[in-house]
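Given chain A, work out where chain B should sit, using these hints.
Protein chains in written order, with the numbering used here: chain A, 1 to 213; chain B, 1 to 787.
Hints in this document: simulated from the structure, not taken from any laboratory. Think of the CB as a built atom: it goes at the ideal place given N, C-alpha and C, for glycine as much as any other residue. One should not assume that every hint holds.
[Stated by the list, open to error] DEER-style ranges, computed between Cβ atoms: (1) B:Asp122 x A:Glu36: 17 to 27 angstroms; (2) B:Gly456 x A:Glu25: 34 to 44 angstroms; (3) B:Glu631 x A:Thr48: 46 to 56 angstroms; (4) B:Lys553 x A:Arg22: 28 to 38 angstroms; (5) A:Glu25 x B:Lys772: 23 to 33 angstroms; (6) B:Glu631 x A:Thr50: 43 to 53 angstroms.
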Amino acid sequence: MKIEKSELLRYLGYRGQSYSERIDEEIEGAIALCLELITPRSVIKKYTLTKEPLGLDGTDMLLLGNDVGRHLEGCQEAYILGATVGFEVEKKSSELMKSDPLKGVILDSASICAIESYCDDLCEQLQTQNERPLTSRFSCGYGDFPLSQQKDFVRVLELPKRIGVFMNEESFMLTPQKSVTAVIGVKESGDIQPLNCQSKCLTCENKKCIYRK
Amino acid sequence: MKIKDLFNDSCILLLDGAFGTQLQKRGLTVGAIPERLNVENPDLVYSISKQFIHAGSDVIYTNTFGANRKKLGSAEEVAKLIKAGVELARKAAGDKLVALDIGPSGALIEPLGSMTFDEAYDLFKEQVLAGKDGADIVVVETMSDLYELKAALLAIKENCDLPVMASMTFDENGRTFTGCSVEAFAITASAFADALGINCSLGPDQLYPIMQRLVESTDLPVFIKANAGLPDSQMNYNVSAKEFAKAYEKFIDLGVGILGGCCGTTPEYIAELAKLKNKKTVGKRKRQYKTAVCSSTKVVYIDGVKVIGERINPTGKKAMKQALLDRDFNYIATQTLEQVEAGADILDVNAGLPQIDETQMLCEMVKYIQSLTDAPLQIDCSKPQAVEKALRYYNGKPIVNSVNAEEKSLSTILPLVAKYGASVVGLTIDENGIPKTIEERIRIAEKIIERAKSYGIREEDVYIDCLTLTVSAEPAQAINTLKAITILKEKYNIKTVLGVSNISFGLPARQIVNTAFLTAAMYAGLDLPIINPNIPENMQAVDAFKVLTCEDKNCMNYTAKYADYVGSQVIKKEVKVSDGSSGEKDIFYCIEKGLEQARVLTAQLLVDKSPIEVIDNYLIPALNKVGDNYEKGKIFLPQLIASADCAKLCFEEVKKNIPVGQESDKGKIVLATVKGDVHDIGKNIVKTVLENYGFKVIDLGKNVPPMTVVEAVKNNNIKLCGLSALMTTTVENMKETIALLKEHCPDCKVMVGGAVLTEEYANQIGADKYCKDANQSAKYALGILTE
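Here chain A stands alone, though its shape is the one from the complex (with noise of 0.2 angstroms):
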């Protein structure tokens, strides 16, 4: 787990320019102080995959949507996977919105680094753990994958008895919002690839998004 200052000014939208000792004294802080505060929990199940309908092997929950169809091809089996970074720093982030709004908006970025950062180790953990290579992670909202099934995950998972992450049933937003779901599949054969998130990026849609790298 660690937050990389890039990443984090790439989600604070920063586009090379020149900033202040101050601003880079406050980014170092929210990093130490992002890391002090979160607690960092997942669960992992695996699957079999059933086809036509694609689903879940022994439980209620089906994959829909060709997108993650397309992610899951040539893979017999899954895991899925639920994490999050805790309630703790994203209450700090809240709280200095209001006391201090600058060290609240980094310390809000530095915890979306560090579950992606988190993420990534959990993926880089299970392709260690396996022989066959794993796709990238998919989440619900990637392409056709409709939100809605964040309740799947959620109900499949046991997130709010496991790890303390919530689902508000009407947005399908997660509590703590720093956390993550996603379907990770097992291919049958193939190149194990190295794990980034560039991949993400590029099977994305959104070419004018922001945080594009």
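Frame of chain A; chain B shown alone:
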């Protein structure tokens, strides 16, 4: 029947093991609702309960853990499945006991989530009413949010007479997912439950240290239901039945007499535990009661001087009074955070203003302040109805300030203090008014202590206030107050509390007398001074006292805090006029770079320019330049915020120069994150920038129902409203809010923003303006409101 009657101190009472684990072994589809089996496959449910009974369980839980309306969809379904569940357990139990099992709702209560406390209460009430007939006990388990637990416990206590067991789920650090510590759980829930426990999450070895802390923090019987270790990704657990029972022996030695298992434990585990019944006797528990108050995440032990911050009280405070009248929660937020920063341990909250509905306002303030800070609160009110409402919605154990020795006060407030498990301030006043002698004070205090005890309130939870009388008017009383404190502290296990600053009323240089009186009172035995922590002399007196009484070991805190101390004038950071030395730049430069020096430059400009000139010719153009730079990508977000922060200092400087009543109003703007959206960082960035342009922002927060937005716009005659939505799923609510606004307040413009919005999308849902960032909102606001 109380839990205490169910077993005697040396006997072991056996609970059951995991139901879900058993169901999944028998092929329950993962993700399916297990409670449906109560009607779809009752034989299976019955047989599992029966196995636990055979294994030796004295109490079995019903298969109703998740049977709430959120998960099942309707109240009818809840009633049906719970009734069936209780009947099956009853049938299996024979002469053993049945516990109606209630788990968390699966949703989060405000402010973390969008469910209200009352909605949570109603969910649990349905469960209680459906299952109380046929059950011997109600058990609430696997809770991670103390607030939700409180809603459940109130729903049980107010809707049935059965004994209640309550258990929460903790991480290895002794906190739940939402940050509730095991001590805060014990201190808060002891008032509402008959036994407290820990269940799930970890195996017995990891839970042992947490159980030690629980045993230290409550006098109630305690219970444990550990997992069979930790699961792998195929959900296999790693502690065997024999290992499990072996590990439980330590719990029994500790005084934990009620034993069961959670995830991964089967009847075999219970059978192993049953063998301990003949082998072990339950260890004796002995514990020194520690007086404490708490929020859900922070416990404050009253084991030395603790400071109660007095600022959130309109009495004699013009700005706070105005804030309450205007419902200006920003001001309350500032007062809250400042006092905690200055060192207050507990915050007094008072909403006593004749022009407002105190019951409603006090409750809203308590809810709001507890969302901002983890400092415990003191509910400052003597109206029973308002006190009860505030107590109900408080998340933790608060102080009620206050009762006096008049019958009417004692008989209305003390039952509430007892019901909600609070501490209480007892003012030494009775029907005859304010006492003149030490003896009278003591007599009145004794009456309050006795009456409190008769309601089941512990002596340790009574904080006596011997009254600070104005020394210039009643010269003899200051000493009497101090002496009474000393005598009471020697005679009783009470704590003492005192509002300090009243002592100097009418005198010049009041702080000198305040500091002396505060110091003397602490030596006399004052535990809880109610003071303004923002006044350095007050905190200095407390800090010095802690050094002199060895509470501050090796002067560690004192040294850390005052190492760089060079006198109070410097600490206050008075604005100095710049000497024009190196690096001084003009105000445009300073705002652009976010330099605090901008404040000094503003002060200098104000020497020969009017406040309006400074705002219109310097501050706004400087901010506009920053905005342009941001738009062109010359600066990025932290720099925009730093500039905005800096401009805020300049506006503060300008405000000082505007006579009261002539404040130029750039206009008010309502901001809200729409219903369903529970995250609001984007909206908060917009708020910061708008405020720093000099606009007054009425921030309605997140998850705001459409009608609430309309009401705020109407009541404040608002011309511009900003809405934010983060998800495609909540843009619908944004659309609805805009439609309602256009219907009820056609003059109000609506600007929108948020991750998923685009210009086109904004047009489709009827917004007047799409703002892609905070800077654009400020520009649009300038156009609309300052035309």
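Of the numbered hints stated earlier in the document, which are not met by this structure? Violated: hints 1, 2.
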